[in-house]
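One letter stands for each residue in the lines below.
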Amino acid sequence: MEQEDKKTEMIDRYLIGQLSLWELGDMEAKIKNDPAFSEEVNFQRDLMIGINETKRIELKKTLQNLEPAGILIRLQIDKNSIKTFAVAACILLFVSLGILYPQIRDASIAGSKKSFAAVK
Amino acid sequence: MSDEEIIYSIKMGDQSGINELYQLNLRSIINQVKMNSGTEDDAKDVFQEVIIDFREKVIGTRYILSSSSKIKTYLFEACKRKWWNELRRRKNISPDEMPEVSEDFWQDIDEKRELTERQRKFTDGMQKLGERCRQILQYYCDRVPMVQIAVKLGFEGGEQVAKNEKAKCQKRLIEIVNNDI
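Chains as they are written, first to last, in the working numbering: chain A, 1 to 120; chain B, 1 to 181.
Bear in mind the hints are in silico, worked out from the structure with no lab data behind them.
Some hints could be false.
[As the list claims (entries may be wrong)] List time: in silico DSS-like cross-link candidates among lysine-lysine, alpha-carbon distance up to 25 Å: (1) Lys7(A) - Lys121(B); (2) Lys6(A) - Lys168(B); (3) Lys61(A) - Lys80(B); (4) Lys152(B) - Lys60(A); (5) Lys83(A) - Lys70(B); (6) Lys7(A) - Lys171(B); (7) Lys166(B) - Lys6(A); (8) Lys121(B) - Lys61(A); (9) Lys57(B) - Lys60(A); (10) Lys6(A) - Lys171(B); (11) Lys60(A) - Lys128(B); (12) Lys70(B) - Lys60(A); (13) Lys34(B) - Lys60(A); (14) Lys82(B) - Lys60(A); (15) Lys34(B) - Lys61(A); (16) Lys72(B) - Lys83(A); (17) Lys60(A) - Lys121(B); (18) Lys57(B) - Lys61(A); (19) Lys7(A) - Lys168(B); (20) Lys30(A) - Lys6(A); (21) Lys166(B) - Lys7(A); (22) Lys61(A) - Lys152(B); (23) Lys61(A) - Lys44(B).
Quick caveat: nothing in here was measured; it's all calculated off a predicted structure.
Whenever a hint applies, use it, and build me the whole structure from the sequences.
Printed below as a string of structure tokens:
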């Protein structure tokens, strides 16, 4: 029984590509020379393909229920976009202040003068 | 997630990376397919197939991440190719009108997936297994390390318990299929 389990484990490792080069050589020779063993490998391969197919079906169902991400989610996930957005916002703020500040200042001084004159 | 994080999450049997890839790129794929005579449903179908194939490539180490190829670029090109093939099939377009691409790149994008009767029986048999057995076998086929499977499924005995459970589940699946044959 233990021998059987070891054989199955070896075939599994062969099918998922986890054998060392030495083991691989032995395995391929055995597949070539022993038809019964070769059939066991084929059986195990079919089993793994069958299992894999269920994963594909389940994954497809999951994806079918997902909607595209909105712009805000995309920004949250993409850190580079956040950095770019923050830098752009800062530049825009400084430029706007640079343009508007003289006007605000002049308007504020003019307003103060008017109020002062009115009080006088 | 960065490309490296997505690859790691797929290799660890975690689906969040796949979901993120799908959700972030779906809108652009839909636009591309719509501009090329397709519908939103066509785009979703193509993208789902491409992303499932991509996941299998990553698990089977057939996809090697390099600094010059981003996952997004790979997925877009794969979708373009798949959609062109689908259009060609539907409208009988000549192969000369296909976009030019290196053949190596596309080697297995259009592999036909036809299961043999025995493979189909194993797929059906999986539906008759319990949830936990299904998960163990799927993780195992996804090459998730046994230690990791033990953690994910909460086996207190660790790797050895996970191995024993996997062997039991595999035997159970074979029994189900053999009884069915």
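Hints violated by the structure (listed by number, smallest first): none
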